[in-house]
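Protein chains in written order, with UniProt numbering: chain A, 1 to 359; chain B, 1 to 126.
In short, the hints are calculated from the structure, not lab data.
Treat the hints with care, as some may be off.
[Said to hold, decoys possible] Cross-link-like lysine-lysine pairs, in silico, BS3-like; alpha carbons within 25 Å at most: (1) B/Lys110 <-> A/Lys51; (2) A/Lys85 <-> A/Lys285; (3) A/Lys198 <-> A/Lys30; (4) A/Lys205 <-> B/Lys51; (5) A/Lys259 <-> A/Lys205; (6) B/Lys51 <-> A/Lys241; (7) A/Lys85 <-> A/Lys313; (8) A/Lys30 <-> A/Lys283; (9) A/Lys283 <-> A/Lys259.
On a predicted model such as this, the values are computed, not experimentally measured, just so you know.
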Amino acid sequence: MPERIIVPFGPQHPVLPEPIHLDLVLEDEKVVEAIPSIGYIHRGLERLVQKREYTEYVYVAERICGICSFIHALCYSQGVEHIMKVEVPDRARYLRTIWSECSRIHSHLLWLGLFADGMGFENLFMRSWQLRESVLDVLEDTTGGRVIQGTCKVGGVRRDIGQEKLDEMHRTLDPFEQQCRDLGDVFLNDDTVKYRLKGLGVITKDEAYDLGAAGPTARGSGVAMDHRETGYAAYGDLGFKPVVETTGDCYARCAVRVKEVYASIDLIRRAIEEMPEGPIDVKVKGTPDGEYFSRAEQPRGEVIHYLKGDGSKHLARARIRTPTLANIPPLVKMLPGIQLADVPVVVLSIDPCIGCMER
Amino acid sequence: MTVNEEQTTTGIALEDLLREVEALHAGGYRLVQIGCTDLDGSYELNYSFDKGYQFRNLRLTVGPETEVPSISGIYWGAFVYENEMHDSFGIPVKGINIDFKGTFIRTDEKYPFSVTRRGGDRCQNA
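Just chain B, with the same shape it has in the complex (with noise of 0.2 Å):
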C-alpha cells in the first residue's frame, strides 16, 4: 500500500523555536535534518520532522550575527546539523550538546558559506 507523502511549512519566531519542537517531539516526530538558506543578508533556516511520512518544516529567519538556540536537549541528535550550520554558516548556535566549536567539518576557508565572508566565492569549479 502506496503511503501519501504530506509537506507542510510553518514560519515561527526565534523565540517559539523550543516551544515548537518540544510540541512535536511530545508528537512523536522524528527529527529529519536543519538546513540554512541564505537570503540576501540574512539565514533562512529550515527544521524539518518527519511522523509516518507527513513531513513537518519549522522554518525561521534570522540575521547573521543572531544567536540560535540548540534543540539538542530535546533531540539529541540534532547535534550534528547544529555544528554543520555553525561550520558552513557561521550562525551561533547556544548550548550544543555537543560542540565542537568549529572543528567538526574542517574546510580550508572558515565558514565558506557565510552571507558576511569577505572575498567572495573561491571555489575552483565554479
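Looking at chain A on its own, in the form it has when it is part of the complex (with noise of 0.2 Å):
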C-alpha cells in the first residue's frame, strides 16, 4: 500500500479567488480523502440584523455577498415583505427579475473565465470577462453600481428603468447572446475543454440530492431543482424551467451554467416585452412580527433568509444559508479517487464564494 501523505489545499492557492482550506490526503498523486476548513473570512453579519432597523439591513444583506450582492437583497427583502404581507408592484417584481437575471449572466460569465483560467485556457478566460463587463456597464446605467446596486428595498426597488433605456438593453440582447452562443461553443464543444472536463468529479443524482447540493452543482447530476420554479419575483408571470445535464462531472456543470446563461437572456427579454407600466414601491408601515424563510435562486443554487421578527424595529434574527456551504458535502464527496492536479478544476465546478458562505 503507497504511503499516505496530507497536502494543504489553500486558504491561498491561485485558483482560489477568497480562502477555503482543505487537507488532501493523498496516495502517490491520487486523493482518497478531503477534509475541508473555512472560517477565514467569517463577518458575524447575520448578528447586525439585531443592531439595524429591518429597512436598512437590506443594505447589509446586500454586501454578503460582491457577485450575487442583488439578490440577497431580493431574498431578504420578500422575507421581510412576507412577514408584512406587504404586495410588491408589479413593476418592482419585473424590474427585480432583471436585475436578478443580469447578477446571474455576470456571476456566471465570471465563473467560466475563472474556470477556463483554472484549466489554463487564458483567451477563454478573457474573452469571458470582456463579455461580463458588458453586463456590468448594464447594471451600472441602471441602478448606478457595478455590484452593489442597492436598488431592491423593502416594499419594492428604488429606481426604474426607463422605456427608452428598456428599449435599448432589448436591442442590445440579440447581439449579445450571440456572442454568448459562441463563448459558450469553445465551453461545451472544444476538444481540450471536454478532455479536461469529462467524467471528472463526478456525483450521481442520488448523491447530489442526499447530499443536499443546490444550484449547478444538483443540476448538472441530473436534479431538477431551481427555485424560480416557484414564481418568486416575475417568474411566475414569464414562466420558467430549470436547466439540467445529467451526466454529474464537471464537464456538466460547466453546461448548466452556459445554457443558464442562454435562458437568463430569454428571461429578461420576456421581461422587458411584458414590463408592465405603474409603481416602483409601496409605503411599508409597521414593524415585523412573525417568521419566514425566504428563499431564492442564486448563480450558485438556492439561498435562504430565515428571518424573525418580535414586532420591534430591528430583527430578532436572521439566519442566512447560501449554496455554498450546501455545497461544500457534495465536493467532498467529488474529491476522493481523482488526480491531485485535477483538484483546482473540480474545486471551481462548484463557484465556490467564500465571502457568501462566511456572511
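With the hints as a guide, bring the two chains together.
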C-alpha cells in the first residue's frame, strides 16, 4: 500500500479568489480523502440584524456577497414583505427579475472565466470577462453600481428603468446572446475542454440530492431543482424551466451554467417585453412580527434567509444559508479518486463563494 | 408552470429528533439547513427539509448545555451545519461524522453567538 501524505490546498491558492482550506490525503498523486475547513473571513453579519433597523439591513444583506448581491437583497426583502404582508407592485417584481438575471449572467461569466483560467485556457478566460463587462455596464447604467446595486428595498425597488433604456437593452440582447453562444460553443464543444472536464469529479443524481447539493451542482447531476420554479418575483408570470444535465461531472456543471446564461437572456428579453406600467414601490408601515424562510435562486443555487421579527424595528434573528455551504459535502465526495492536478478544476466546478458562505 | 411552495413547522422533543429525521429521509426529503436562534438563555433549533418545494421544518428548544444528537448518520452532509452550530453557538453535538471539535469556523472569539458568552457583543460595526 502506498504511503499516505497530507497536502494542504488553500487557503491561498492561484485558483481560489477567496480562502478555503482543504487537507488532501494522497496516495501517490491520487486523492483518497479531503477534509475542508472554513472561517478565515467570517464576518458575523447575521448578528448585525439586531443592530440595524429592518429597512436598513437590506444594505447589509446586499453586502453578504459581491457577486450575487442583488439576489441577497431580494431574498431578504421578500422575506420581510411576507412577514408584513406587503404586496409589491408588478413593475417592481419585473425590475427585480431583470436585475436578478443580470446578476446571474455576470456571475456565470465570471465563473466561466475563472474556470477557463483554472484549466489553463487564458484566451477563454479573457473573452468571458470581456463579455461580463458589458453586463456590468448595464447594471451600472440602470442602478448606479456595478456589483452592489442598492436598488432593492422592502416594498419594491428604489429605481426605475425608463422605456428608452429598456428599448436599448432589448436591442442589445440579440448581439449579446450571439456573443455568449459563440463563447459557450467553446466551453461545450472544444476538444481540449471536453478532455479536461468529462468524467471528472462525478457525483450521481442520488448522491447530489442526498448530500443537499444546490444550484448547478445539483442540476449538473440531473436534479431538476431551481427555486425560480416557485414563481417569486416575476418568474411565475414569465414561466421558467430549470436547465438540467445528467452526467454529474465537471463538464455537466459547466454546461448548466453556459445554458443558464442563454436562459437568463431570454428571461430578461421577455421581462422587458411584458414590463407592466405602474409604481415601483409601496409605503411600508409598521414593524415585522413573525417569521419566514425566504428562498431564492442565486447563481450558485438556493439561498435561504430565515427572518424572525418580534414586533420591534430590529429583527430578532436572521439566519442565512448560502448555496456554497450546501455544496461543501458534495465537494468532499467529488474529490476522492481524482488526481492532485485535477483538484483545482473540481473545486472550482462548484463555484465556491466563500464571502457568501462566511457571511 | 409555477410550483406552489408550502412551509410547515412542527415542534418536536429532543428525544424524537432522530426518529423524525429518519422518517423524513425515508420519505425522500433532502436536508436544506440546520439553523439556530437564541431565545433568552436557550436555543431554538430549526432542521429544515424540502421535497418538491414543500418545506418542512422540525423545531426543538434546548438549553445551552444540552447535548444534541447528530443527524449526520442519516444525512451525511449535516456535518457542515452541526459543526457551524457548535462553533458559533457552543451547542454540543454528539456523534458528528466529521467532527472538527471547534475548528470548522475559525472565529477570533470562541462561540461568538452563545447565550452564555461573557463580555457582551464586541462587534466593531455595531
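Do the hints match the structure? See the list:
For the suggested pair B/Lys110 and A/Lys51, the alpha carbons sit about 21 Å apart, so the restraint of at most 25 Å is met. Under the criterion of a C-alpha separation no larger than 25 Å, the hint pairing A/Lys85 with A/Lys285 is consistent with the structure, at around 11 Å. Of the supplied pair hints, the one linking A/Lys198 and A/Lys30 holds, its CA atoms being roughly 18 Å apart against a limit of 25 Å. Restraint check for A/Lys205 and B/Lys51: satisfied, since their Cα atoms lie roughly 15 Å apart, inside the 25 Å limit.
Simply put, A/Lys259 and A/Lys205 have alpha-carbon atoms about 19 Å apart, close enough for the 25 Å limit, and the pair holds. Restraint check for B/Lys51 and A/Lys241: satisfied, since their Cα atoms lie roughly 17 Å apart, inside the 25 Å limit. Taking the CA atoms of A/Lys85 and A/Lys313, the gap is near 16 Å; set against the 25 Å cutoff, the hint holds. Under the criterion of a C-alpha separation no larger than 25 Å, the hint pairing A/Lys30 with A/Lys283 is inconsistent with the structure, at around 59 Å.
The straight-line distance between the Cα atoms of A/Lys283 and A/Lys259 is roughly 38 Å, outside the 25 Å bound, and the hint therefore fails.
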